[in-house]
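Q: Each residue of the sequence shown is one higher than the one before, counting from 1293 in my numbering.
There could be a bad hint or two in this list.
Unchecked claim - Taking CB as the label site, the calculated pair distances span:
| hint | residue 1 | residue 2 | range |
| --- | --- | --- | --- |
| 1 | E1458 | K1428 | 20 to 30 Å |
| 2 | E1294 | E1338 | 36 to 46 Å |
| 3 | R1469 | D1431 | 21 to 31 Å |
| 4 | K1441 | Q1416 | 20 to 30 Å |
| 5 | Y1447 | R1469 | 32 to 42 Å |
| 6 | G1308 | N1446 | 28 to 38 Å |
| 7 | S1450 | F1472 | 21 to 31 Å |
By construction, these hints were calculated from the structure, which means they are not laboratory data. Note that CB positions come from ideal geometry on N, CA and C, so glycine has one too.
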Amino acid sequence: MENLIGITPSSILLHGPKKALLDKFIWHLPDTGIICSYTPTARDVEDHFGVFRGVDQIEAFAQATVVACSGFSECIKQKCDFDYLKANFIPLFVSLGQVNFKSFLLEGETFISMGKITFYKFRQITCDGRIYKVPKGLDLDAYFSGYTKEQFLNYELSDDFILIAELFEVTGRGMKREKFIL
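Using the sequences provided together with the hints, build the complete structure.
A: What follows is the structure, encoded as structure tokens:
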């Protein structure tokens, strides 16, 4: 396994179907970062004026980075599969440095989370990144098929992507289940 492309998010996420906020892994370079997509549903915006909440945007970003990127790297390091990882570790959201919201998302508007890995050691990961609203009808797989590391690091996207949020120092850690007491 070279990266997360082609893997279903549910195979790595521990989150149940009502809490999983990733539809697809679009682009992934394990030592650099990830791009994931999600389209908010009616349930996601219920009782919130049809708007996808900022806290859920942060959660979607954390699932893409803290859970997926970190989980992938840990599987490679331990030479294990996702089932072993999910059975033995709990991904914990540790901290968030800063978030700046620039716009908003509505039900049915697809967005991407672009997470850049700034630190990874001992199952702890820190990422910076952005969330963009995707142009309606865009084929994300085709758009990102030749995307380079340099384009990713510079957030190079066409002008019809709309910046929704900038996130800094999103940090999480994989905790051994035996140390996680409920």
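Q: Give a verdict on every hint.
A: Do the hints match the structure? See the list:
Between E1458 and K1428 the beta carbons are some 23 Å apart, a value that agrees with the proposed interval 20 to 30 Å. Between E1294 and E1338 the beta carbons are some 38 Å apart, a value that agrees with the proposed interval 36 to 46 Å. At roughly 39 Å, the beta carbons of R1469 and D1431 sit outside the given window of 21 to 31 Å. In this structure, K1441 and Q1416 meet the distance hint of 20 to 30 Å, their C-beta atoms being roughly 23 Å apart.
Judged by the Cβ atoms, the range 32 to 42 Å given for Y1447 and R1469 holds: they are separated by roughly 36 Å. Distance hint for G1308 and N1446: a CB-CB separation of about 36 Å, consistent with the stated range 28 to 38 Å. Between S1450 and F1472 the C-beta distance comes to about 43 Å, which lies outside the given range of 21 to 31 Å.
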